[in-house]
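Chains as they are written, first to last, in our numbering: chain A, 33 to 182; chain B, 97 to 182.
Since the hints were derived computationally from the structure, they do not count as laboratory data. Cβ atoms here follow ideal geometry from the backbone N, Cα and C, with glycine treated the same way. The reader is advised that the hints may include incorrect statements.
Only part of the chain B face toward chain A is listed, based on derived beta-carbon distances under 10 Å [said to hold, decoys possible]: (1) Leu120; (2) Trp121; (3) Ser122; (4) Arg123; (5) Gly135; (6) Phe137; (7) Ser156.
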Amino acid sequence: MSITSGDELVSVVYVSKARADVGDDALRDILTESRANNAESGVTGVLLYRDGRFVQVLEGPRDSVASLVATITADPRHDDIRIVLDEPIDERQFGEWTMEFRPVATPQRALPVGFHDTFDDLDAADSPGSAARAVHDIGLWVKARTLREG
Amino acid sequence: MASSLAPDPLSGTDAASPPSYGVLWSRVEDGFYVANRDGVFLGYLDREADGTYRVFNGRSRQVGEAPDRRQAMAALLAHHDEEATA
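Isolated chain A, as found in the complex (with noise of 0.2 Å):
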């Protein structure tokens, strides 16, 4: 028997780059396919679009995620798919959402001296923790907008 099964819940989360050609009506048909999809297989996340990069965190059972990362990879709309992070989950970080889309603005200011960069780091992907402290810390600023915005 497998020691881990297709019901298993995990997180997996990939960047890709954006074609040149996506705009707004592209960006919300993917929104509006990917609720209705998600909403159907029991997959939670959320999209974040900045600087004409995507970073989407999927949550469900594993086939249910492997299913939807191979309909993604397909998906003329991104270029450049890399999943930077793949592990089981004990708990959901996104429950609350068939897709959560953020888009996030690009930095005005210069990144203060020997700070990080949330989403270079996610690009970066120099290892699983890294990866899974910038999930977390991705979690964190979209339950503090959802809060902001009541």
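Got chain A; can you put chain B on it based on the hints?
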């Protein structure tokens, strides 16, 4: 908690940061900074529209306010140390 709040005059520049040994600070977006040390989440700072900062501990509970990032960083670390020694 800082008693006097005023817009951060240095927020647009790279104001010096207070010593925060072993703490890894990350920016998710301008004005939103997260602190971790040895894999432990210490808390985060969130800048308000007026340039001041709210300070949150590792359980995302607000524990202070500060007029600028530097003081907000110091407030978070001081709060963490107080909790650790309580």
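How the hints compare with the structure:
Residue-level restraint check for B:Leu120 holds (minimum Cβ-Cβ distance to chain A is 7 Å; threshold 10 Å). Given hint, B:Trp121 at the interface with chain A, holds; its Cβ is 5 Å from that chain's nearest Cβ, closer than 10 Å. For the restraint placing B:Ser122 at the interface with chain A, the shortest Cβ-Cβ distance is roughly 4 Å, inside the 10 Å limit, so the hint holds. Given the 10 Å rule on beta carbons, the hint for B:Arg123 holds: about 5 Å separates it from the nearest Cβ of chain A.
Among the interface hints, the one on B:Gly135 holds; its C-beta lies about 7 Å from the nearest C-beta in chain A, closer than the 10 Å criterion. Among the interface hints, the one on B:Phe137 holds; its C-beta lies about 7 Å from the nearest C-beta in chain A, closer than the 10 Å criterion. With a cut of 10 Å, the hint placing B:Ser156 at the interface with chain A holds, because the nearest CB-to-CB distance is about 7 Å.
When each numbered hint is compared with the structure, no violation occurs for any of them.
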